[in-house]
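Enquirer: Protein chains in written order, with UniProt numbering: chain B, 1 to 938; chain W, 1 to 197.
Incorrect hints may have been included.
[Unchecked claim] List of simulated lysine-lysine pairs, DSSO-like, C-alpha gap at most 30 Å: (1) 448(B) to 473(B); (2) 397(B) to 473(B); (3) 175(W) to 397(B); (4) 119(W) to 841(B).
[As the list claims (entries may be wrong)] Some chain B residues flagged as far from chain W (calculated, every beta-carbon gap over 10 Å): (5) 132; (6) 440; (7) 815.
Hints were generated in silico from the structure; no laboratory data involved.
The structure displayed is predicted, hence computed values, not measured ones.
Beta carbons: idealized from backbone N, C-alpha and C, even for Gly.
Residue-level listing of the chains:
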Amino acid sequence: MQTPAVYSFHGGIHPPENKAQSLNLPLGSPRLPDELILPLGQHIGQPSRPLVEVGSRVLKGEAIAINNGFLSSFLHAPTSGTIHAIEKRVVAHPSGLSDTCIVIQPDGNDQWIELEPLDNWQDVSKTDVLAFLAEKGIVGMGGAGFPTQVKLQGAHKHPLTHFIINAAECEPYITADDMLIREKTLELILGIEMLQHLVNADNVVIGIEDNKPTAIASLQQLIRERQSSIQVAVVPTKYPSGGEKQLIKLLTDKEVPSGQYPADIGILCQNVGTCVAAYEAIQYGRPLISRFTTLTGDAFKAPQNVEVLLGTPISHLLKYADLNEKHLSRLVMGGPMMGFTLDTPEAPVVKTTNCILAASTKELPPPAPEQACIRCGMCEQACPAGLLPQQLLWFSKSQEHEKAEHYNLFDCIECGACSYVCPSSIPLVQYYRHAKAEIRDARESAVKSDIAKQRFEARKARQEAEAAEKEAKRLARQNAASAKPAAKKPTKEAPKAAPEPAVANDDAKKAKIDLAIAKAKLKKLEKSLLEAQEKEHTEEINALQIQVDETQKDISELERKVAAAPNATPTKKASPTGMSDEAKKAKVDVALASSKLKKVQKQLVDDPDNQELKDKAAGFEADLKTAQALLDKLGGEAKAAPSKAKTALSEDAKKAKVDMALASSKLKKVQKQLAEDCDNDELKAKAAEFEKALKEAEMRFAACSGESASAAQKSDKPVMSDEYKKAKVDVALANTKLKKVQKQLAEDPQNTELQGKTVEFKKVLKEAEARLAALEAPSLQSKEATPAVKNTVDTNSDAQRKLKIDIAIANAAVKKAEKALAKAQTLQSEDIDSLEQQVAKAKAHAQSLEQTMKNGSQSANTAPLDSVTDDKAAEHKEQLKKQKVTTALAKAQVNKLKRQLDAEPNSEQLQKDLASAEQAHQAEAAKLEQLTNTQENR
Amino acid sequence: MLTVLLAIAILVVLALVFGAILGYANVRFHVEGDPIVDQIDAILPQTQCGQCGHPGCRPYAEAISNGEAINRCPPGGQATVQALADLLDVEALPLDGGEEEPVSKVAVIREDECIGCTKCIQACPIDAILGAAKQMHTVIADECTGCDLCVEPCPVDCIDMVEVGVTSRTWSWEKPQGVGAQPVNIIATDRQVEAAH
Numbered sequence: 001m002q003t004p005a006v007y008s009f010h011g012g013i014h015p016p017e018n019k020a021q022s023l024n025l026p027l028g029s030p031r032l033p034d035e036l037i038l039p040l041g042q043h044i045g046q047p048s049r050p051l052v053e054v055g056s057r058v059l060k061g062e063a064i065a066i067n068n069g070f071l072s073s074f075l076h077a078p079t080s081g082t083i084h085a086i087e088k089r090v091v092a093h094p095s096g097l098s099d100t101c102i103v104i105q106p107d108g109n110d111q112w113i114e115l116e117p118l119d120n121w122q123d124v125s126k127t128d129v130l131a132f133l134a135e136k137g138i139v140g141m142g143g144a145g146f147p148t149q150v151k152l153q154g155a156h157k158h159p160l161t162h163f164i165i166n167a168a169e170c171e172p173y174i175t176a177d178d179m180l181i182r183e184k185t186l187e188l189i190l191g192i193e194m195l196q197h198l199v200n201a202d203n204v205v206i207g208i209e210d211n212k213p214t215a216i217a218s219l220q221q222l223i224r225e226r227q228s229s230i231q232v233a234v235v236p237t238k239y240p241s242g243g244e245k246q247l248i249k250l251l252t253d254k255e256v257p258s259g260q261y262p263a264d265i266g267i268l269c270q271n272v273g274t275c276v277a278a279y280e281a282i283q284y285g286r287p288l289i290s291r292f293t294t295l296t297g298d299a300f301k302a303p304q305n306v307e308v309l310l311g312t313p314i315s316h317l318l319k320y321a322d323l324n325e326k327h328l329s330r331l332v333m334g335g336p337m338m339g340f341t342l343d344t345p346e347a348p349v350v351k352t353t354n355c356i357l358a359a360s361t362k363e364l365p366p367p368a369p370e371q372a373c374i375r376c377g378m379c380e381q382a383c384p385a386g387l388l389p390q391q392l393l394w395f396s397k398s399q400e401h402e403k404a405e406h407y408n409l410f411d412c413i414e415c416g417a418c419s420y421v422c423p424s425s426i427p428l429v430q431y432y433r434h435a436k437a438e439i440r441d442a443r444e445s446a447v448k449s450d451i452a453k454q455r456f457e458a459r460k461a462r463q464e465a466e467a468a469e470k471e472a473k474r475l476a477r478q479n480a481a482s483a484k485p486a487a488k489k490p491t492k493e494a495p496k497a498a499p500e501p502a503v504a505n506d507d508a509k510k511a512k513i514d515l516a517i518a519k520a521k522l523k524k525l526e527k528s529l530l531e532a533q534e535k536e537h538t539e540e541i542n543a544l545q546i547q548v549d550e551t552q553k554d555i556s557e558l559e560r561k562v563a564a565a566p567n568a569t570p571t572k573k574a575s576p577t578g579m580s581d582e583a584k585k586a587k588v589d590v591a592l593a594s595s596k597l598k599k600v601q602k603q604l605v606d607d608p609d610n611q612e613l614k615d616k617a618a619g620f621e622a623d624l625k626t627a628q629a630l631l632d633k634l635g636g637e638a639k640a641a642p643s644k645a646k647t648a649l650s651e652d653a654k655k656a657k658v659d660m661a662l663a664s665s666k667l668k669k670v671q672k673q674l675a676e677d678c679d680n681d682e683l684k685a686k687a688a689e690f691e692k693a694l695k696e697a698e699m700r701f702a703a704c705s706g707e708s709a710s711a712a713q714k715s716d717k718p719v720m721s722d723e724y725k726k727a728k729v730d731v732a733l734a735n736t737k738l739k740k741v742q743k744q745l746a747e748d749p750q751n752t753e754l755q756g757k758t759v760e761f762k763k764v765l766k767e768a769e770a771r772l773a774a775l776e777a778p779s780l781q782s783k784e785a786t787p788a789v790k791n792t793v794d795t796n797s798d799a800q801r802k803l804k805i806d807i808a809i810a811n812a813a814v815k816k817a818e819k820a821l822a823k824a825q826t827l828q829s830e831d832i833d834s835l836e837q838q839v840a841k842a843k844a845h846a847q848s849l850e851q852t853m854k855n856g857s858q859s860a861n862t863a864p865l866d867s868v869t870d871d872k873a874a875e876h877k878e879q880l881k882k883q884k885v886t887t888a889l890a891k892a893q894v895n896k897l898k899r900q901l902d903a904e905p906n907s908e909q910l911q912k913d914l915a916s917a918e919q920a921h922q923a924e925a926a927k928l929e930q931l932t933n934t935q936e937n938r
Numbered sequence: 001m002l003t004v005l006l007a008i009a010i011l012v013v014l015a016l017v018f019g020a021i022l023g024y025a026n027v028r029f030h031v032e033g034d035p036i037v038d039q040i041d042a043i044l045p046q047t048q049c050g051q052c053g054h055p056g057c058r059p060y061a062e063a064i065s066n067g068e069a070i071n072r073c074p075p076g077g078q079a080t081v082q083a084l085a086d087l088l089d090v091e092a093l094p095l096d097g098g099e100e101e102p103v104s105k106v107a108v109i110r111e112d113e114c115i116g117c118t119k120c121i122q123a124c125p126i127d128a129i130l131g132a133a134k135q136m137h138t139v140i141a142d143e144c145t146g147c148d149l150c151v152e153p154c155p156v157d158c159i160d161m162v163e164v165g166v167t168s169r170t171w172s173w174e175k176p177q178g179v180g181a182q183p184v185n186i187i188a189t190d191r192q193v194e195a196a197h
């Protein structure tokens, strides 16, 4: 076995070792404590997520928390027992703050869960082994608790030249690793071999300080026996040779570049404890649930190393190692150089606790007061990282973080060598830690503000897009409105074309209409597309283009259909054979006359007062009648008699219909005029006249069609609906009038005349509405009763909800007003009075709302409960609720008075008020209690 | 006489040549936007709270580049004022409206009181409130910048600004008190042990 070369690193110190004390006694194992406290964040990275619930039973070695993300770790139950709590407990942290912990109450059985070792670790893929290590909760046991699997994964980036096992243990007092090597030499060597299998480095070196001769000897002997290729490098004792970067420099003479990791230069470091834990996990399937810890310091009567379960409270260990309370001045977790003072011994042992130092005043006297820096430069001589501590101190002190970073503040390993040598007792490390934290905070907030900025900009972009979309929609609507007249034409043409091939089948007609509509649509779409292209709304353009294509496709299909239709018509036309020429002629005459008639009627609709047109229409009608008569006569032989009667009847019906259309169009026109000029009595009279005419016509039509159809009931309905319609029109009219007047009133609020008018109109409107409601009622009644009931219930609950929201808003207003009042009071401003008034008003409003709410809920509650027999209970409930509210109000009053009293404690009036309010509150509370008691008794 | 004219002619030609070069460079290496505004914007905390009187941080950055005072950003605190002063090489003014340092806060909706009005959602400048009409809303705490803007619009006053407490993960070492102070709870200075031995 060759001895590897050992180099040196800059700086370092030689503090008294104090290692012998804890090595006098053999390895101890304290008994189970009363409870085990397992913090979820024992490692670097995200805290674990608990897998168990309070009260569940766990076995020793069972996973109780799972890793939360990439840089995180598992956590296992160190013994069997029940989960007592998952809560905040004080953890071992320099801040003395508490953190979420899983608390286990041991059952004393120490019963293992069935363990599953990874027997075939040499055969399975390395990723699987790493995952297995992660599941066993293995983290770096040297100091930081970096998840081991992450570190091993990182080592795969570059081929490794060195795999270094850190057994230096340079800090004074600590002997846990020394004891571990002595006790578990074989496990350590096997663990190293397993990890070497995973990382496959060229050299495997154990770095160990020369102050551990026993450990070195046993290591060398075992390696010789096993003929292993592991080398043992004995380094001279110097603090901090156990630092990762320092040990690398010692063993390889390579420096880890600033801001990089050892893996980047092909080196991996692992602590001895980690190697043993990995071995036990793979070989036996044991998760990381215990560790070696040194209990040392003058205050201990029996300083020693112990193998302790994770989560054991430190107070338990203090008792175990016989702490002399009188001598204890400071309790430190970790070594005297890099450890931190614990505020309370209730904190638990975690995965990285390598030492508990119970120091007497003589050992660790309170640090001397800081003095001014004398620029002696001793700190620079001591710095193992090769930094300029003095410069860093200036920059940290004066918050010049950029410069501190420039001087590689983040390469400081916080070993404390500079503070140790400083003749002015300056706590340099604390300055550096503070500056580092500030810089990290600034970086974090920069990241956060970047995210906020992104989100803000994304929101702005979204809002702009929404606005643009709205605008585009508005434009499209505008276009649609202007395109309507154009679109109407083709639809008009379609019916015009339709009568000619009167016998043509419905499909063809329909197809043609569809075609016309589609063409109109296409036109519209193309127009908006053009507009969109002009305005460069790319998204819209795409959507519109798709639509245009679709409509074009539709059109071509429809055209095909229309083309096919005429082909079908001739065959159909041929079917009514045996028709004489005369009959044909008569038919043509009829068709001509009817088309003419229709034309005139249309004109009439447009211009209903034209007497000439009316005459014409009458003439055409007569023509049509004669032609029809001729046709009937001719076709009479062929057709049956009943059909004749039908046509005659339909003739009458048609006439009635025409009249009806005329009347209704006139009526509409007049109504429109009326709406514009509602006070015109003449127009009103006209409207009434037209209405009468319309009704007559309708009646006539109903009579005509009523004979053909058995429509006695039907005619009933139109009349009804007619009245209904009228009522509706009245309501609408009254409404418009009212609105108009109100608008005028808003412009000219002092106008009494207008006010009078509004009142009048309101009356009219109400009347009309009443009429409408009366008309609606029977129709509603005819419907099933249940929906109506349901409706009312619905409206009821709706109203209640609304009320609730109102109350909430009112309450908020009260709160806000009170807040403003408080502010005003503190500022002693003048408008306290007005604010108080506001508060009172707001409160009154809220109360009144609550009252109505109560009433509403009362009626709502009682109504359904009436049907149910339990009427009394409901009433009681109601009472109870009421009582509750009054009690709460009384309490609020008391609170308010108290607050006021706080503000001005000398006011007698307030004190009196408070006393009376308290009395009232008590009385109300007593009542409430009584009520609840009776309720419970039932 | 000729030499004078020649000299003038040469100078004119030179001026034209360099002018052309400069003109070309101005077009060729044109910088989009105002880089100083970006730098100022990067310093501002991006809470978009509007306490400076501008609708967002970037408008304030633009205003600063046009000469507005640099001390109008309460969320940024004195540190931001200092950074802006360093960037713009002006004097660092005390923060407008008091010396108090900003405490990081986060909005929390008392959810059983929320009536689902969506008013706070519309007010949030960074879309950090989740919810829909007549549904309960909640704040995405990780995204909230604590800008306060959602508190005022709430009709039922159910939004609280809660201070983000220090946890063991966000805790950091205090700065030592300085010369003459007794350090507390600091290890790494046990040289007195050596003296005692």
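Enquirer: All the hints need checking, so say for each whether the structure fits it.
Expert: Hint check:
no.	hint	in the structure
1	448(B) to 473(B)	violated (37 Å)
2	397(B) to 473(B)	violated (61 Å)
3	175(W) to 397(B)	holds (8 Å)
4	119(W) to 841(B)	holds (25 Å)
5	132	holds (28 Å)
6	440	violated (8 Å)
7	815	violated (5 Å)
The structure is inconsistent with the numbered hints 1, 2, 6 and 7, although it conforms to all the rest.
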